[in-house]
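Student: Now for the letters of each chain:
Protein chains: 2
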Amino acid sequence: MEITKNNISDWLKNLQTHICNELSNADGLTEFTLESWTRDEGGGGITRILNEGNIIEKGGVLFSAVYGKAPDFLFKEKAHSELNTFDTDLQFYATGVSIVIHPKNPMVPIIHMNIRYFEMSNGTKWFGGGIDLTPHYVNEDDAQFFHTQLKNVCDTHHKNYYTEFKQQADDYFFIKHRNETRGIGGIFFDRLNSNEEMTFEQNFSFWQDVGLAFAPIYTELIKRNKNKSFTAENKQWQLLRRGRYVEFNLIYDKGTQFGLQTNGRVESILMSLPKFASWEYNFKPKLNSLEEKTLHLLVKNINWA
Amino acid sequence: MEITKNNISDWLKNLQTHICNELSNADGLTEFTLESWTRDEGGGGITRILNEGNIIEKGGVLFSAVYGKAPDFLFKEKAHSELNTFDTDLQFYATGVSIVIHPKNPMVPIIHMNIRYFEMSNGTKWFGGGIDLTPHYVNEDDAQFFHTQLKNVCDTHHKNYYTEFKQQADDYFFIKHRNETRGIGGIFFDRLNSNEEMTFEQNFSFWQDVGLAFAPIYTELIKRNKNKSFTAENKQWQLLRRGRYVEFNLIYDKGTQFGLQTNGRVESILMSLPKFASWEYNFKPKLNSLEEKTLHLLVKNINWA
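These protein sequence lines map, in sequence, to chains A and B. The numbering of the first sequence is our numbering, which starts it at 126 and goes up by one. The numbering of the second sequence is our numbering, which starts it at 126 and goes up by one.
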């Protein structure tokens, strides 16, 4: 049976519900609110937010499926150089789930996932996405667990996927002006379609497994760290690291730029920003502190798995 | 006597000292730290920061004078279409003072000033700059005072400067994705050189008066508002407005983008960011609240003076 765009967005909508339930259970205090929105030009989404839970300070799990006439900027993209700019009837369909979770306890890491599917009426279709982790304090055991889980998902489908997609995450989640990675990376992939080794269906199956890996990985990381004690100093460091997260998302993140430039729904796009963040002039961690250790680990090409 | 680039940067350095002294006096608790830095390719600067004062939570007053081989991106700018890209000997000199002050009390406004001078070895030279105000709560009396002071400075030099430069501030300090201005504007001007009406010397004199207007204007605004009481709700609103300030500076501000893209001194460039900022999903002010009133006043083309 052929996989249609509607099958895919239905699957994503169910994934959103599944993940929200798992996160609410892990949080224990409260549930995600639910807001539906529609897009004038076609489609819409469901934005679910958890605010001030037990564990989660601010988190969003967003579903969207938008479609209509292909926007002008698509024709300018290098990746779409095959498009005929006079094809004014070209239609697109884009659907995905995006997640960012900012926990209260600085010992629990920030997590981000995005999985998306895109197709056009000319036959172009692909999957993209990834999961990456931003610990305020890098814990080597957790980093190893996180990357091993992702590697297992990848290895089930293709022997090169983990290596390739881990590299892409290292390269993408990099704060150039700070010369540091946003966190410990993860996997990131784009424009996965059929090729000589993998069919469209096989890549769909891989992509689904990435989406399904999110809840068990993050609820395990919550369980491991939620009861750890922390000081005011740890909390201030968390706010500074969140400041870097804001810098990355507003300056470099392609999804954020794309959304803001195309008049997307601002409140959904910027749900990724933390409730509180901080900047201090020329802050330097103390010698041999946990903060300094974390900075040393915010570099590319660490083999965590 | 001809005005040289060294005269201009000496004058700016003195202005920095003068403004820091006036702000320290107004704050009453503490003074600005002082850090000198040099640029490998030529020149350097003096970064002065006030952290956790009585009135000022985080403020920076920065001087810089940098020079050397004209960087490649200059040749790509539309404004420099006269440049010959093969002129590899072209030298530039850029000097300026930049200020951002984030006060503790939400009733005291955030202020920003930048005045800069630029010249090249091919004879190009110009002044640029401006002052703009970002109240967390717009107070009409203060807004009128602020704009009237700027209008007086402009009117002394040229009958059209206030109207023109007020418009440029409205257009520049605009957060497109929020469809709101950053604050109540002020004046903003660029590439002021000699023309049929104003000599280079006359524009230098105007530009100096803008720099000298900063301290009396802001210390008056501090005096008027520093003792006003505020609630936890006012404080939370201040953090949300600071979030918008962060959005403007990281997404739209040309100085920030220019600095980060050219490997400028990151800690000096990002001194403009507040100590604490906040984001809340889909925050809506209460009906007829002071917060709602402020939002209604964050629009272009209000005639404050």
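Check each hint, because a few of them may be wrong.
One copy or two, it doesn't matter: identical chains are merged, so the pair holds either way.
As the list claims (entries may be wrong) - Within a straight-line C-alpha distance of at most 30 Å, the following computed DSSO-like cross-link-like pairs (lysine-lysine) qualify:
hint: 1; residue 1: K138; residue 2: K409
hint: 2; residue 1: K360; residue 2: K409
hint: 3; residue 1: K301; residue 2: K194
hint: 4; residue 1: K418; residue 2: K130
hint: 5; residue 1: K411; residue 2: K400
hint: 6; residue 1: K400; residue 2: K229
hint: 7; residue 1: K348; residue 2: K360
hint: 8; residue 1: K229; residue 2: K284
hint: 9; residue 1: K229; residue 2: K351
hint: 10; residue 1: K360; residue 2: K229
hint: 11; residue 1: K379; residue 2: K360
hint: 12; residue 1: K425; residue 2: K194
hint: 13; residue 1: K284; residue 2: K400
Hints are computed from structural coordinates only; laboratory data are not their basis.
Student: If a hint holds in the structure, say so; if it doesn't, say that too.
Tutor: A quick look at each hint next to the structure:
Taking CA atoms no more than 30 Å apart as the test, K138 paired with K409 passes between copies only; the shortest distance there is 27 Å, against 44 Å inside one copy. With identical chains, the CA atoms of K360 and K409 are at most 30 Å apart both within one copy (15 Å) and between copies (28 Å). In the homo-oligomer, the alpha carbons of K301 and K194 lie at most 30 Å apart only across protomers (24 Å), although the nearest pairing inside one protomer, at 35 Å, exceeds that limit. Taking the shortest Cα distances, K418 and K130 never come within 30 Å of each other, neither inside one copy (45 Å) nor across copies (45 Å).
In the homo-oligomer, the alpha carbons of K411 and K400 lie at most 30 Å apart both inside one protomer (26 Å) and across protomers (19 Å), since each shortest distance falls under that limit. Within a single copy, K400 and K229 get their C-alpha atoms as close as 10 Å, and across copies as close as 19 Å, so both meet the 30 Å cut-off. Taking the shortest Cα distances, K348 and K360 sit within 30 Å of each other inside one copy (19 Å), while across copies they are farther apart (33 Å). Taking the shortest Cα distances, K229 and K284 never come within 30 Å of each other, neither inside one copy (37 Å) nor across copies (55 Å).
Taking identical chains as interchangeable, the C-alpha atoms of K229 and K351 lie at most 30 Å apart only when both belong to the same chain, with a minimum of 9 Å there against 32 Å between chains. For the identical chains of this complex, K360 and K229 are neighbours both inside a copy (9 Å) and across copies (20 Å), given an alpha-carbon limit of 30 Å. Only within a single protomer do K379 and K360 lie at most 30 Å apart by alpha-carbon distance; the minimum there is 29 Å, versus 32 Å between protomers. Taking CA atoms no more than 30 Å apart as the test, K425 paired with K194 passes in neither setting, with 39 Å inside one copy and 32 Å between copies.
When the C-alpha separation of K284 and K400 is checked against a cutoff of 30 Å, the pair qualifies neither within a copy, at 39 Å, nor between copies, at 46 Å.
In summary, the numbered hints that this structure violates are 4, 8, 12, 13.
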